[in-house]
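Chains A and B are the protein sequences, given in the same order. Quick note: the first sequence uses our numbering, first residue 9, plus one each step. Quick note: the second sequence uses our numbering, first residue 11, plus one each step.
Treat the hints as calculated values from the structure; they're not laboratory data. Where hints are given, some of them may not hold.
Derived EDC-like pairs (lysine to aspartate or glutamate); straight-line CA-CA distance at most 16 Å [to be verified]:
#1 B:LYS227 / B:ASP208
#2 B:LYS43 / A:GLU60
#3 B:LYS227 / B:GLU168
#4 A:LYS223 / A:ASP91
#5 B:LYS204 / B:GLU157
#6 B:LYS43 / A:ASP85
#7 B:LYS138 / A:GLU60
#8 B:LYS227 / B:ASP142
#9 B:LYS117 / B:GLU157
Footprint (simulated), chain A over chain B, 3 or more residues, beta carbon under 8 Å [said to hold, decoys possible]:
#10 58-64
#11 136-146
To give a feel for the contact side, a few chain B residues facing chain A, derived at Cβ under 8 Å [as the list claims (entries may be wrong)]:
#12 GLN46
#13 LEU50
#14 LEU51
#15 GLN53
#16 ILE85
#17 ALA88
#18 LEU151
#19 ARG154
#20 SER165
#21 SER169
#22 VAL206
Bear in mind the structure is a predicted one, so any value in this text is a computation, not a measurement. For every residue, glycine included, the Cβ atom is placed at its ideal position computed from N, Cα and C.
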Amino acid sequence: MKHPIRLATIFSASLLAAACVGAGAAGAASPDAQMRQAVLTLRGLIDRKGAERYFTYPKVRTVYPGRLAGSGVWPDDPWTGRDMLPGRSRGHYRYTVSPDRRHYRLTGYMERGVVVLSGGMPRSIMRAYDHRGEEGLNLIREYVEDHAARHDGLYPAPSDVEADGAVRLQPERRYWPSNPWDHRDMTQRGDRGSFSYTVSPDRSSYTLRLHRALKDDYVLHGSRGAGVWRHLLDTLEDEILRRSGRILSAYVDRWSLEHSGTLPTIVEMTPEGAVGATHVDWPSYPVDDGPMRPGTEPGSYTYSPGADGSYALRIHLHAGDFDVGGDAPRPAAPPHSTGAP
Amino acid sequence: MTRRVLAAVLATAPLALLLAAAPRVSAVSFVDKQVQAGGLLIQNYIDRYGQARQFVYPPRAMVKKGGGLPNAKLIWPANPWTGKVMGPGTTRGTYTYALGADGRTYKLTMHLSKGNHVLRGGAPQWFKAERDTASRHTALLLQRYLESYRLQRGSYPESLDATGFPDPPYVWPTNPWTGGGVAQGSGLGGLSYKRVGDADYTLRVRLTTGWSTPALKALL
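So here's chain B without its partners, still in its complex pose (with noise of 0.2 Å):
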């Protein structure tokens, strides 16, 4: 009797150790905990790549252990239910990152043993006030070259580009969310110009609204 009571013993006792080890339903809370923090590691990376690029993020080849995100070379979460690294799946312990049309948003969904943890990004709301101001300044600088290249000159360019103002050295402004020269064109930060006769023109901005309004025109 003794004998049986100590096999059944012996053989529970590590069978409840075993269950107690393994992930189950009461263990999942923290194995789960483990892999949102992984998320947020992650999170942290795409973040520290957008925050870098004007809020554009990382493309989704990038987002995985060697995809070139930087700083993200020596630590990389592991899935916990694994043991391996954390990559790109739909089982639990990876996720999915998914980026918007625009670069400028993403969504990183950890999959967790029951259910999914998202995680989103974007650029901050202050952000695109910003630079619709800086756009704004941008045409508002631009009205004045006009006005003193016409002074300079007789009448208003037929286009509006940086070799048309070398003298006297002007600072030509930058379209905000190139970063480049700013130029003609629909997308965010472009002007939108026309000569209307000799004597006006209108001058628009690209906003995150759409084109600024009113229309910019001749002062003098």
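So that you can see chain A by itself, here it is in the shape it has in the complex (with noise of 0.2 Å):
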């Protein structure tokens, strides 16, 4: 070996690059690439904490090296190697979360510049919160109706819309929809996932409106007329109407035999006429109990004697009219004498 250090500086040299190289290898991104991969890396922490706890992110103060719960892992500083920590110089983190913690901003300081990430409550899951809270307010509104059915049709008073009021204890105590957003009880307030019952002052109609996050109120309008329990009752009192019209018609067919074809005039023909003196057994309008009368209203009847012993009478339903006119009966002649002594 006539040079030995010449030959070891070769080597040295060839050494020190195959040595860099292979550091290469572990760090070949860029600081500033570090930095924007340790930031999504934080973001990542930060989603699984906020998805472990209902979409609701977690506050300033944990996000930070040893206290964000689950976090075995945390990601560096690029330029010290260490932790990264919350500060607004290179290497540093600033974290931001929404006053309901349900959105977050992440920023992150490079040599140049910032990355800033942002993140929230997905929206698939406050769409189908949405919906819940509209099949919860479908819910409700049952059991107003069932309520005001219950109640001569009147609907409830704003403090009976509530889980401890009369709608769900009375008459026997049902479930309550909850609240997707705080999982208590759906109530009235202002907030998502709440709502508000307002009600006629004659007690008539309503109107329920759910807060929602992705659209504006979801409304529903109820009155005496729309109800499913108002139709139910409608047909049953149709049912009861159709009924006494016949008994109405009797009665003019029985004045014809009484008073030899005579059909009754529209005076008579009332409750407190001449057929009326006659049936103590009137029939009655169901809603009020009163004597049927006529008139035009549901309940009510129209009568118009003809000159041919024919009549018409109407009964007006809820659903159309009834028609039980027709022709009276006349009393049979008397058997013709054949003069036999």
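Hey, can you piece these two chains together into the complex? The hints should help.
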């Protein structure tokens, strides 16, 4: 070996070059790129924590190494190689969260500029919550209608439409829908997942309003004439009125038989008239229990005698009219005399 | 003598530098931590995909650079052992992603220089309870609809679907698991409805714990 130092120098340089290449494999990305990756990684930790808590994101002070439960690995500050810390200089981050903690913003400070990430409750979850609220409000509407059907069609007062109100508790305790945003019973408030209920002064109509996250309020209206229970009552009342119509028709027929085929006049065919006087069991209007009277409203009737023994008697129902008129029977003529002794 | 010493020093010094720079036992924790951090970044992409889809996680084919995971185009971790893109595999610096049978859980195994670092994910605990509550809402609302149906038509329907309830314009409940209108079926959030004669029925909804009990029946 004539030149051991020269050879050693060449060998050293080769090894040093190889060392640099090897080290480069592990740290090829620039510090700024590593910082972006670190901030993305931190966002992942924040997202996981938020998802664990009903998409309520962590408080600012908990987004810190060792405080965010479950985060065994914490991203490094690429410039120091230590845990990344809050701050506003290179290698640091700033985390802010909205007052309701449903959204957050994460800023990472690099050598050149910043990287800003934001996150929050997924819209798919909000949409599901909104729909669940709508279903809950529809269930409450059913209870409100049910309550009205048991209280002469009067809709409940606002204080009754609560989880501890009469609408839920009478006649038996019912399941009350919960608010997906706070997991408590739905109640009348102004925040998401809550509702408002207003009723008209005469308690004949109401409005239910759900406060949604992604859309305007979801509104349901109800009135005495539109409820399902109202429909049922109308159906039952109409059936009673049909029977009452047949009874009134029988009274006309009987009057004709007892009066030589003469039909009662319009005035006579009233509860206070001559026909009414002969029938103490005059049909009543089922809503107010008063006697049926001539008129045009549901529960009343229109009577019109004809000249040839026919008459029109129309019962006014909730659903149309019921015609029970016809030809009144005449008394049979006495048998002709044969002249035999 | 001096030359020999100098040559020895020059020969050993870079060797020491090489050993210091290359990943080795004392440096493994540093490089492995990079692998773990890379795993956390991939997990972030997986979680964001799942959270946007009611906690249904991506298929295996998506979990790689260019696989279609949203927001993953710009930054994908590198394998610190090779300097190349971190990808699926079984060697150090790679990962194995396994999806649960129902697509709602996953396991991401990061292969370290020695051993593995496992990251898991899935729907949070509260999620199933929330979905079950929503399913119960659905069944209770349908029970009321069935009563209304009977009041209007005299009997309960043969089957239970949205087309049977057009008037009044009810909100038709959704299956919280699918996001679509609730329907009869044995999947989560599905319904089991059976008419019993003209005056009764049984209605159940599929919860995460099985069919709801007791079955809902006619109210009137």
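Hint-by-hint comparison with the structure:
For the hint pairing B:LYS227 with B:ASP208, the CA-to-CA distance comes to about 12 Å; that is within 16 Å, so the pair holds. At most 16 Å may separate the alpha-carbon atoms for a hinted pair to count; B:LYS43 and A:GLU60 exceed this at roughly 25 Å. Our distance criterion of 16 Å between C-alpha atoms is met by B:LYS227 and B:GLU168, whose separation comes to about 14 Å. Restraint check: the Cα-Cα separation between A:LYS223 and A:ASP91 comes to about 42 Å, which exceeds 16 Å; the hinted pair is violated.
This hinted pair checks out: B:LYS204 and B:GLU157 have alpha carbons roughly 14 Å apart, not beyond 16 Å. Only pairs whose Cα atoms come within 16 Å are accepted, and B:LYS43 paired with A:ASP85 is accepted, the gap being roughly 13 Å. The suggested pairing of B:LYS138 with A:GLU60 holds, with an alpha-carbon distance near 12 Å, which does not exceed 16 Å. A distance of roughly 19 Å separates the Cα atoms of B:LYS227 and B:ASP142; the hinted pair therefore is violated under the 16 Å criterion.
A threshold of 16 Å between alpha carbons decides the hint, and for B:LYS117 with B:GLU157 the separation of about 47 Å lies outside it, so the pair is violated. For the segment 58-64 of chain B, the assignment as covered by chain A holds, since 5 residues bring a beta-carbon within under 8 Å of that chain's beta-carbons and 3 suffice. Counting residues of the segment 136-146 of chain B whose CB falls under 8 Å from any CB of chain A gives 5; the rule of at least 3 is met. At a threshold of 8 Å, the smallest CB-CB gap from B:GLN46 to chain A is about 5 Å, leaving the interface hint in force.
About 5 Å separates the beta-carbon of B:LEU50 from the nearest beta-carbon of chain A, less than 8 Å, and the hint is met. For the restraint placing B:LEU51 at the interface with chain A, the shortest Cβ-Cβ distance is roughly 5 Å, inside the 8 Å limit, so the hint holds. Annotation: B:GLN53 was flagged as interfacial toward chain A, and the flag holds, the nearest CB pair being 6 Å apart, inside 8 Å. Among the interface hints, the one on B:ILE85 holds; its C-beta lies about 5 Å from the nearest C-beta in chain A, closer than the 8 Å criterion.
Taking 8 Å as the C-beta cut-off, the interface hint given for B:ALA88 holds, the closest approach to chain A being about 6 Å. Here the hint on B:LEU151 is kept, as its CB sits about 5 Å from the closest CB of chain A, short of 8 Å. For B:ARG154, the suggested interface contact is upheld, since its CB lies about 4 Å from the closest CB of chain A, less than 8 Å. With 8 Å as the threshold, the beta carbon of B:SER165 stays out of range of chain A, its nearest partner Cβ sitting at about 14 Å, so the hint is violated.
A cut of 8 Å between beta carbons decides the hint on B:SER169: the least distance to chain A is about 20 Å, and the hint is violated. Below 8 Å, beta-carbon pairs count as interface contacts, and B:VAL206 has none with chain A, the closest being about 22 Å; its hint is therefore violated.
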